[in-house]
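Work out the full structure, taking the sequences as your base and the hints as a guide.
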Amino acid sequence: EAGVAQSPRYKIIEKRQSVAFWCNPISGHATLYWYQQILGQGPKLLIQFQNNGVVDDSQLPKDRFSAERLKGVDSTLKIQPAKLEDSAVYLCASSFGDAPNYGYTFGSGTRLTVV
Amino acid sequence: KQEVTQIPAALSVPEGENLVLNCSFTDSAIYNLQWFRQDPGKGLTSLLLIQSSQREQTSGRLNASLDKSSGRSTLYIAASQPGDSATYLCAVTQAGTALIFGKGTTLSVSS
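Chains as they are written, first to last, in this note's numbering: chain A, 1 to 115; chain B, 1001 to 1111.
Just so you know, the hints here were simulated from the structure itself, not pulled from any lab data. This one's a predicted model, so the numbers in the text were calculated from it and none came from an experiment. Hints may contain errors.
What the hints assert, rightly or not - Pairwise CB distance ranges (calculated):
| hint | chain 1 | residue 1 | chain 2 | residue 2 | range |
| --- | --- | --- | --- | --- | --- |
| 1 | B | Glu-1015 | A | Lys-62 | 47 to 55 Å |
| 2 | B | Glu-1017 | A | Lys-71 | 49 to 57 Å |
| 3 | A | Ala-20 | B | Gln-1054 | 39 to 47 Å |
| 4 | A | Gln-59 | B | Val-1013 | 29 to 37 Å |
| 5 | A | Ile-38 | B | Ser-1085 | 29 to 37 Å |
| 6 | B | Ala-1079 | A | Pro-81 | 49 to 57 Å |
| 7 | B | Ala-1010 | A | Leu-84 | 19 to 27 Å |
What the hints assert, rightly or not - The list that follows gives simulated cross-link-like pairs (lysine to any residue, SDA-like), each with its CA atoms no further than 25 Å apart:
| hint | chain 1 | residue 1 | chain 2 | residue 2 |
| --- | --- | --- | --- | --- |
| 8 | B | Lys-1042 | A | Asp-63 |
| 9 | A | Lys-44 | B | Ile-1007 |
| 10 | B | Lys-1103 | A | Asp-56 |
| 11 | B | Lys-1001 | A | Arg-111 |
| 12 | A | Lys-62 | B | Ile-1007 |
| 13 | B | Lys-1042 | A | Gly-40 |
| 14 | A | Lys-44 | B | Ser-1024 |
| 15 | B | Lys-1042 | B | Ala-1095 |
| 16 | B | Lys-1042 | A | Ser-27 |
| 17 | A | Lys-11 | B | Ile-1007 |
| 18 | B | Lys-1068 | A | Ala-20 |
| 19 | B | Lys-1001 | A | Leu-39 |
| 20 | A | Lys-44 | B | Thr-1106 |
| 21 | A | Lys-44 | B | Ser-1111 |
| 22 | B | Lys-1042 | A | Gly-3 |
| 23 | A | Lys-44 | B | Leu-1047 |
| 24 | A | Lys-44 | A | Arg-111 |
| 25 | B | Lys-1001 | A | Lys-71 |
| 26 | A | Lys-71 | B | Gly-1096 |
Every residue, glycine too, gets a C-beta built ideally from N, C-alpha and C.
The structure is reproduced here in structure tokens:
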């Protein structure tokens, strides 16, 4: 089966600019996750979708970050305006369901550098 | 709030050594624990998943153990190889939460 696709792979922007990331999960996977991984840290959940509804966005900085999952398939994560501390790898993952025993499949991530 | 800690943060060993990576978590009410591997510039690859009712899982040269009551897990790598060089991440799931990760252990195996 095809994996989780993410684009772009790399992005460099200036602070206060906006940026968007795209994720296409594995076909049939109802649950989609966006994680932020700052250098030297473990991934931190930003938002979890079940189909096109939000399950958990408690750690999403909503003043600058937004995410949507239209039609319960692809998802986009947007940052506007970006800050230097947003420099990180943004990982998308999907799973068949949201039960803990369902495995996650991760994409290769988008590395964002804010200068 | 669940916290996952991994020790050591970095480890360098010569090829052929057996090694142990440690993971601890503060809340023992977990559903399962997973070990992932992350290569530079790549996503995460799941290595082993241990359900809360299990004590260990094995895959090839990898063995992961779980002591839920004490909040600890270890990943044992036998006969390490240069290709094992990567960052190893431990993560747990609980009721109503997605995966919660530790900061990882970066392993370097020299030939």
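Now the hints, each set against the structure:
1. B:Glu-1015 - A:Lys-62: 47 to 55 Å: The hint (47 to 55 Å, Cβ to Cβ) holds, given that Glu-1015 of chain B and Lys-62 of chain A are roughly 48 Å apart.
2. B:Glu-1017 - A:Lys-71: 49 to 57 Å: holds (50 Å)
3. A:Ala-20 - B:Gln-1054: 39 to 47 Å: Given about 41 Å between the Cβ atoms, the range holds.
4. A:Gln-59 - B:Val-1013: 29 to 37 Å: Holds - the Cβ-Cβ distance for Gln-59 of chain A and Val-1013 of chain B, about 35 Å, lies within 29 to 37 Å.
5. A:Ile-38 - B:Ser-1085: 29 to 37 Å: violated (22 Å)
6. B:Ala-1079 - A:Pro-81: 49 to 57 Å: holds (50 Å)
7. B:Ala-1010 - A:Leu-84: 19 to 27 Å: Holds, at about 25 Å.
8. B:Lys-1042 - A:Asp-63: Violated. Lys-1042 of chain B to Asp-63 of chain A sits at ~29 Å, over the 25 Å cutoff.
9. A:Lys-44 - B:Ile-1007: holds (19 Å)
10. B:Lys-1103 - A:Asp-56: holds (21 Å)
11. B:Lys-1001 - A:Arg-111: Since the Cα atoms of Lys-1001 of chain B and Arg-111 of chain A sit roughly 28 Å apart, the hinted pair is violated (cutoff 25 Å).
12. A:Lys-62 - B:Ile-1007: Not OK: Lys-62 of chain A and Ile-1007 of chain B at ~33 Å, beyond 25 Å, violated.
13. B:Lys-1042 - A:Gly-40: Judged against 25 Å, a Cα distance of about 14 Å means the pair holds.
14. A:Lys-44 - B:Ser-1024: Holds - the C-alpha atoms of Ser-1024 of chain B and Lys-44 of chain A are around 17 Å apart, at most 25 Å.
15. B:Lys-1042 - B:Ala-1095: Violated, because 28 Å separates the two Cα atoms, which is more than 25 Å.
16. B:Lys-1042 - A:Ser-27: Distance ~21 Å between Lys-1042 of chain B and Ser-27 of chain A Cα, so the pair holds.
17. A:Lys-11 - B:Ile-1007: Outside the cut-off at roughly 32 Å; violated.
18. B:Lys-1068 - A:Ala-20: violated (40 Å)
19. B:Lys-1001 - A:Leu-39: The given pair, whose Cα atoms are some 23 Å apart, holds under the 25 Å limit.
20. A:Lys-44 - B:Thr-1106: holds (18 Å)
21. A:Lys-44 - B:Ser-1111: violated (34 Å)
22. B:Lys-1042 - A:Gly-3: Measuring from Cα to Cα gives roughly 13 Å; hence the hint holds.
23. A:Lys-44 - B:Leu-1047: Roughly 19 Å separates the two Cα atoms, so the pair holds.
24. A:Lys-44 - A:Arg-111: holds (15 Å)
25. B:Lys-1001 - A:Lys-71: The hint is violated at about 33 Å.
26. A:Lys-71 - B:Gly-1096: holds (23 Å)
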